[in-house]
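Residue numbers (this note's numbering), protein chains in the order written: chain A, 23 to 671; chain B, 23 to 671.
Careful: at least some of the hints might be erroneous.
Just so you know, same-sequence chains aren't split out, so a pair can sit in one copy or run between any two.
Taking lysine to aspartate or glutamate and the EDC-like style, the derived pairs with C-alpha atoms no more than 16 Å apart in a straight line are [unchecked claim]: (1) Lys655 x Glu608; (2) Lys459 x Glu67; (3) Lys121 x Asp543; (4) Lys628 x Asp509; (5) Lys655 x Asp68; (6) Lys583 x Glu164; (7) Lys322 x Glu273; (8) Lys551 x Glu164; (9) Lys459 x Asp68; (10) Lys182 x Glu452; (11) Lys121 x Asp542; (12) Lys155 x Glu105.
What the hints contain is simulated information worked out from the structure, not anything from laboratory work.
There are 2 protein chains.
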Amino acid sequence: MALVFHKLVSVEEAIKLIEKETNGIGPLGVIEVPILESINKVLAEDVVAPIDYPPFDRSTVDGYAVRSIDIAGASEIEPKELEVIGKVEVGSHPSIEVKPGTAVQISTGAMVPRGADSIVMEEYVSRKDNKIKIYRMSSPGENISMSGSDIATGDVVIRKNTQITARELAVFAGLGLNKIKVYRPPKIIVYSTGVELEQPGNILPHGKIYDSNGYVITAMLRELGADVEFRGILPDNYDKMKDEISKSINEADILITTGSTSAGYGDMIYKVFNDVGAKIIVHGLKSRPGKPTAIAVLGKKILFGLPGFPLSAMMNLYNIVEPIVRKMMGKGESEKPKVKARIPFRLNAGRGFTELIPVQLVWNKDYLSAYPILSGSGSIAGISISDGYIVAQENREYFEENEEVDVYLFSSSIRPPDLTIIGSNCPGIEVVLNGAKIQNSRIINVGSLGGWNAIKRGDADLAGSHLLDEKTMNYNIHMPKLMGLEDKVYIYRGYSREVGILVKKNNPKNIKDVSDFLRDDIVIINRNKGSGTRVLLDKMLKENGINEPEKLIKGYTYEVKTHSAVATAILQGRADAGISLRAMAELFNLDFIPIGVEIYDFIVRKEKIENKFVNKFLETLKSEEFSKELEKKLPGYKTLKESGERIYP
Amino acid sequence: MALVFHKLVSVEEAIKLIEKETNGIGPLGVIEVPILESINKVLAEDVVAPIDYPPFDRSTVDGYAVRSIDIAGASEIEPKELEVIGKVEVGSHPSIEVKPGTAVQISTGAMVPRGADSIVMEEYVSRKDNKIKIYRMSSPGENISMSGSDIATGDVVIRKNTQITARELAVFAGLGLNKIKVYRPPKIIVYSTGVELEQPGNILPHGKIYDSNGYVITAMLRELGADVEFRGILPDNYDKMKDEISKSINEADILITTGSTSAGYGDMIYKVFNDVGAKIIVHGLKSRPGKPTAIAVLGKKILFGLPGFPLSAMMNLYNIVEPIVRKMMGKGESEKPKVKARIPFRLNAGRGFTELIPVQLVWNKDYLSAYPILSGSGSIAGISISDGYIVAQENREYFEENEEVDVYLFSSSIRPPDLTIIGSNCPGIEVVLNGAKIQNSRIINVGSLGGWNAIKRGDADLAGSHLLDEKTMNYNIHMPKLMGLEDKVYIYRGYSREVGILVKKNNPKNIKDVSDFLRDDIVIINRNKGSGTRVLLDKMLKENGINEPEKLIKGYTYEVKTHSAVATAILQGRADAGISLRAMAELFNLDFIPIGVEIYDFIVRKEKIENKFVNKFLETLKSEEFSKELEKKLPGYKTLKESGERIYP
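With the hints as constraints, model all of the structure from the sequences given.
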């Protein structure tokens, strides 16, 4: 099959195409299952009560079965006397009859004997031998649960197409049904594909990456109630791949692969789907992430070739595969839980593609804020920290700051964190949280300036910042004025961290300071613009009389966003030197040439200072144990005399 | 053990007592599980990244790896030319290096070769043999996903105590972890007890009832993630019961029984718990339903003796057992999902007990209404139709009409029905819904007048009513004026149903009309006050000159709430005659003495008349197929000339 240029279709069009080419998607058939196995499946027939419930008139209390007419007018002052002529036990069929002037003792749940129309509770009765005195009248029907009063024979108790929960079991079992008919869940076989994949648990060869898609997809579809089998990584050989898929599609209703869908893979999946006899109906989606997607049908069976990037695969699973599986299970339309939230800053999105952007929710005082996760479709961290996603339609150019959007949630319930910290990333925060025993926190890394903006919006409980004022050489205290937050925030001193040049172990290229960066044999790795560390390097270069460093220093334009990425680049030989933290040198076993010390502080809005968790956090900064733990866990980190003290205003 | 009078405790006190007597409830220990089995469990340790993710710098597109400096200024007009010196395949470790003036072809996901700092997308390149022209400049780092940019070695990626979902698996697998440490879910053994119990699937002996509690409890605790085994109905013999429980408590962390807790059962469960060596710490709860509850501890193990009535057992499971199990699983405090709703009518509740009242939610235009389900703690239908429950504290006397309350939901997501019908119960409604193919409807039976009130509140889309105006002998059209709804509602004609006297097959007592009800050998079964059928009987008795029927007619005060309950009473010999529908006589194989025909209509608020489902429903009333189906399914039911037509105004 030659590679042809095909029209991209939208998610909605793709679903319609599948419906059309399979002659409609719906329940696959009916199976009978024991009721305990029916949970999360869908009832395939009306449940019509075969018996009454309760099946007989029963007493709802412990007491005496009487004729109400016999005790009319009974009171504390004028009790009525009756003769006890027997007792009805629970679970028995009484032959005794209550005649005028008599009563029969009865237990909760026991059958009301003939003749009685009311039960008097034990506590209104005094007994001596077989005589009782009744101190309270009782109306006809009182304390009796009538046969069929809850469910009558022939009632449609639970309707066809109801999704079964534990509560429906009360009715099934109570009516004597130990098995019920449900729609057969689809059999789904899942594969991962890609030469670059290695199975988790094995050693990772250089250039390879662990497979994660197969696990996520399997777990997601199992949560939906489907019968899913994950068959691992497909062999990277056309013939073997074809054989395997050809066999599997016979056993399955749906077959899902991830990876090998982009042009760089030579459209392997398209060929395989085509060659096992399936008709390819989608050659790419007009959505981002998720574009490189193949969909094929073989009779009523559906084959999905999802993209290899984790977020892309997951989004297509949510938006195309899940609705199809729901229909096959009889679950009716998927109603994705959603909430309204506001975008905290202007965000470019859409522009010709339907774009799905994962977000983290933040509980502002008055509304939810949705912080976009911009780590890209290859990110796995983005998947685990996101609460849901927003949709930018293809004709959209951007979201405005504070624009209200729908957030489609990944879970139906969302729980606000105890503490939200937004700002510059620092491994020290984890040490504080541990010390403060704060478990349910949320950390959002948007840089120091992003942290100040979050404080301004009221999104953050705390913000971490290490912004140096070059005029005064002080950290952070110049910011409130700059942000227009002079009377709105407090700044608390955090801790210091040692910054320096990272080089390979034993410093093979004998680097002494930043002036060595000019050498011909040296390639550096740089931090992103706006990071505190980048500011520091540029300042030092200027002090050394180095202007236009992008022309003079090799690797100056090679930017990474975290301290640890600098260390990795040096460890892997992609660079010879870079500015980072001593803590990173220790962690990655590199050499460290000290440059100086920078200060990392915490910002809090005045009205949040009474918050229990903010308090715990700031108190921890002062503690002796925290100080020890910080130095132990993060070499080069130190608390200061003022740690945990207010330094502004 | 003698039966002693014990202090009832609140649910909160009960949990505190358990905590105290077991020296605190918490995770039971740590187990390692394959990641696919970790879903719905709780992480028992911080997941610290053992590698970078991605593990190397990789291309995010198909294209060419270049030195960005070589193509600075490239444009459509002034393309830059480079020599292609090789290709990097996905999954391989390239040894090739990009030197000035050269480029290397690269696939999505492949490792960026040394020397390159940017990837140009294929679409901005034209190639001829090993020469390429690049028509667009590319910045350093463009289209490269840097090693560790998503997750860096040493990052705490997922924190201890996180509840694991499919999304966390992306991180576990992506970091190469095929197993993780989670808290061991508690082993829970469940029994039902009670001589009256029969296992679903068996034939039901007279006086017995099917066990439903064991199934509901097992399913509910499994949904929570616990390791639950349901061991069926305990033998009704003290020694056998004791042996069984004694053995089971050795294997389990929690043991749950239902039933045998009320005084009528001789406190069997208290004795057994006591005699297996457990310390009984709760002898009854100050809550309703759920009072007869035993709780005992044996070391760290907990034994729950829950009540036998289904709603009672379920409420205690939700409010006591579930929070304990959550703590054992490390799930932190149970945050029950809740919504605000209004009570549609004054409701007595509380009065010395904490009362939990199950409710059905109704979507009013402006708010939710919570209709209490008052079918009692023995009800199983009430369990399956309820959305959640409201709590009346013990010092409360009643809820006012329209009072706003918290509804604690049984499921975290609730879906509004397509159509809400509130009013008088009628099996005909099911036939209409079937004909209209409306699946997701909600029927709430509150009687004809209750239906009119629901229309007035705006709770109901439709109300079913058969109220006779004795002055005009017309049905329903007198109601709008009475309710102050003259300009607010339409009435649509429904159908007629034949009413008569139900008697045993072949009419053994030779009953001819209601005057026979006065005979000494006749016991009747009556309908509840306010029901249309009761109104009809009273009218006929009056016409026959019968006053004070409660004194003259045996069984006149024996009231049931549904047509089918009348039939059951006659079938089981508890009564000789009663007023009901011909449809019921047919269903229960009874004889039917016709009295007359009554009309059942549907009310709709003017503004709801455009609703799609209301329309479908009313249109169905007019259809020929529906007419045939109605007569077939419900003998004595008939459509009328005006069925589905507006009769008011």
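Hint by hint, here is what the structure shows:
no. : hint            : in the structure
1   : Lys655 x Glu608 : within (10 Å within a copy, 81 Å between copies)
2   : Lys459 x Glu67  : between (51 Å within a copy, 14 Å between copies)
3   : Lys121 x Asp543 : between (112 Å within a copy, 14 Å between copies)
4   : Lys628 x Asp509 : within (8 Å within a copy, 55 Å between copies)
5   : Lys655 x Asp68  : between (62 Å within a copy, 15 Å between copies)
6   : Lys583 x Glu164 : between (74 Å within a copy, 13 Å between copies)
7   : Lys322 x Glu273 : within (12 Å within a copy, 48 Å between copies)
8   : Lys551 x Glu164 : between (79 Å within a copy, 15 Å between copies)
9   : Lys459 x Asp68  : between (52 Å within a copy, 13 Å between copies)
10  : Lys182 x Glu452 : between (51 Å within a copy, 12 Å between copies)
11  : Lys121 x Asp542 : between (114 Å within a copy, 14 Å between copies)
12  : Lys155 x Glu105 : within (9 Å within a copy, 110 Å between copies)
In the structure shown, no violation is registered for any of the earlier numbered hints.
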